[in-house]
Amino acid sequence: MADLTADIGAERGGMAACPACAVAPAAEDLAARAAQIEGATLALSLPGIHCAACIDTVERALSRAPGVREARVNLTLKRAQVKADPEVTAEDLVRVVEGVGYEAHELDPGTIAATATDRAGRALLMRLAVAGFASMNVMLLSVSVWSGAADATRDLFHWISAAITLPAIAFCAQPFFVSAFAALRVRRLNMDVPIALAIVLALVTSLWETSLSGEHAYFDAALTLTFFLLAGRYLDHRTRAAARSAAEELTALEVPRALVRRDGAEVQLPVAELRIGDLVVVRPGARMPVDGEIAEGASELDRALLTGETRPVPARPGQRVSAGEVNLTGPLVVRATAIGRDTSLARMADLVAIAESGRSRYTSLADRAAKLYAPGVHILSALSFLGWFLWSGDLRVALNIAAAVLIITCPCALGLAVPAVTTAASGRLFRRGMLVKHETALERLSEVDTVVFDKTGTLTSGKPQLVNLDDLPPGARGIALALASASAHPLSQALAAALAGETPVALEALRELPGYGTEALLEGHPVRLGRAEWLGATPGPGTATWLQTPEGLTEIRFADSLRPGAAEAVADLLAQGRRVALISGDAEGAVAALAARLGITDWQAGALPGDKAARIAALQEDGAKVLMVGDGLNDTAALSTAHVSISPASALDAARVASDIVLLGGDLSPIPGALRTSARATRRIRENFRIATFYNVIAVPLAVAGLCSPLIAALAMSASSITVSLNALRLR
Amino acid sequence: MDILVWLIPISLFLGGLGLVAFIWTVRSDQYEDPDGSSQRILSDQWDDRPKP
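Here the protein sequences line up with chains A and B, keeping their order.
In terms of this note's numbering, the first sequence is residues 1 to 732.
In terms of this note's numbering, the second sequence is residues 1 to 52.
Take these hints with a grain of salt, some might be off.
[Stated by the list, open to error] Some chain B residues near chain A, calculated using beta-carbon distances under 10 Å:
| id | residue |
| --- | --- |
| 1 | I8 |
| 2 | S11 |
| 3 | G16 |
| 4 | D33 |
| 5 | P34 |
| 6 | L42 |
Quick caveat, the hints were computed from the structure, so don't treat them as lab data.
Yeah, the Cβ is synthetic: ideal placement off N, Cα and C, and Gly gets one too.
Using the sequences plus the hints, can you model the full thing?
Written out as structure tokens, the structure reads:
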């Protein structure tokens, strides 16, 4: 929940749960503006680059462009960072890169700046390196002690170990101390409490032993423990950082900019600088940046992302529009009535953030293990201390044994058990085009027994496909092609694509009437292609356009084309024995046809956003674990209600934020595979817990009996950590 | 055993040298683009003279 709000806060730069979150984006904003004054740093996404020649070509082309000071390509992120004079715009650079034959897209520098350097990851890596260095040196000294160094030599080695260990631990183990302290302050136990206690106790007893020329010191154990645990933390962090930066790149690709008419001139402005009452020009194909009222122009609007309806809605002056709708045919001028966070789009997205989400209700396997483990470890260690103290009356012996018990039981393997597996599984899914955004998403995915799909934009690609080509008389095809080619309307483009083999007929006075269709004269007779009402025909149930030729009227029907892999994914899920449902906001006819085509028996049409969420909540009440796959604003509530959620990369920003996993390609077929991978990953995690427990069952009695030497502790710890990591690698 | 007086400081110094080198590489952003670095050695752009 806090996670989700922070995500939205960072992306929208506004409301957030805590003051720090609210300030951070504002600070980034300021930094971005300062950068713009000094000379801009622009970022481009380059999805097509893959080799040394690509890097060279793009860098050379960019640095030769006028006004560019420096250009650097990052192949890992498939991105270019360009430092340039303030007057250079990203569009110029995109044109330069496209000129040398590579695909390029502008990235919003404000969004990207947050991920440019990964400070937290770097700090962890630094601690890991120091812990590795220190533990190797101390281990070297410990090996000589174990192999027989005695008396003064042993003491010297212990003192040198202490001199290395104390500063190293003070630096490296900070994350554990901080987290343990934070947990204790709110009177709770987490995995870091036994870790911190084990490290501190090991250091104290070892120092004491060393000062008394004792035989056993656990400096190496404390350091190795820190090293392995930091390795687990770093793996975990890197997996999530990679997913986060890829998710942010998707957001950054949608640069929030609008064309505004001010003082008679049209200017490009960032959406954040718009004011209420501004006249915003929305070109065909563009998304509404604001809520408002149409001031000029006539067109059609695609509201699929908001409501799930596939049929375009006509738009006239005076009509209200909301942010997120796509303008289809004619240019519109919209008078803004609500901007930024006040738009209905943003308000709905905020509602989603406030709603309790599936992920916050879930307790991860690691947390459940910690809840059992942490108190157990403390009790065991305290009991052995008490027992030995009462029996022998020697505080030193009792403390030594308590420390040994804590070190042996310390969740070293447990710390690696989860991150090692999730790293392997997330990497595997990423190569198949899935971005796992949330840390417990894999565990939740493995429990799924019911899959609910949205229709428009999820199972279908949102692109219409011609259905009844045969109904079109051969003589009319050339006319239809000529009329369709004159318009950018999706239906016209689909028709033109279907008729690509025909020869267009020469027409005169060809013009497009936005919101109605195209018309022209063929040898003096009017021919038209457009809405049923405009041509005097009765509209049918499905998506259709009508063609008027001198011979008469023809209905040209369209169906939404299936997204690639949709049929395979549904068939595979059904074969796995999972329940598949389809809930859509679209009209009944279209939904029924699609459900029949895919073999889905459980479907619901005309669902409002609230209906979807309610249906999913009802399913979960009955004990089902629901995976929701959706892309629109009308799906966001359902996405966050569901146990786990997936959205395609083409989805609306708000939907991607609400979902746990983002599908990067246009293909749905990886979904069943992801369910299988997650089930295997969860099985590996459980196995890892068992392995870690097995080592404890053998080593703990030894420690309690006082038979555990530092050598046995080191062996048990390393062996269990390595077994756990190797077991995780079997996932490949 | 006198040799230890030399060997231990030497081993610590050499290890420390590696640690300092690693910290330098992290600080100077050398792990930002591992894929790019592996490809850039194949580029013939600065084969004749060093990059200015």
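A quick look at each hint next to the structure:
1. A least Cβ separation of about 6 Å between I8 (chain B) and chain A falls short of the 10 Å threshold, and the interface hint therefore holds.
2. The criterion of a C-beta within 10 Å of any C-beta in chain A is met by S11 (chain B), whose closest approach is roughly 7 Å, and the hint holds.
3. Look at G16 (chain B): its Cβ gets to within about 7 Å of chain A, closer than 10 Å, so that hint holds up.
4. Hint on D33 (chain B) holds. Least Cβ distance to chain A is approximately 4 Å, under the 10 Å limit.
5. Residue-level restraint check for P34 (chain B) holds (minimum Cβ-Cβ distance to chain A is 6 Å; threshold 10 Å).
6. Using the Cβ-Cβ criterion of 10 Å, the hint placing L42 (chain B) at the interface with chain A is satisfied: the shortest such distance is roughly 4 Å.
Hint violations for this structure: none, all hints satisfied.
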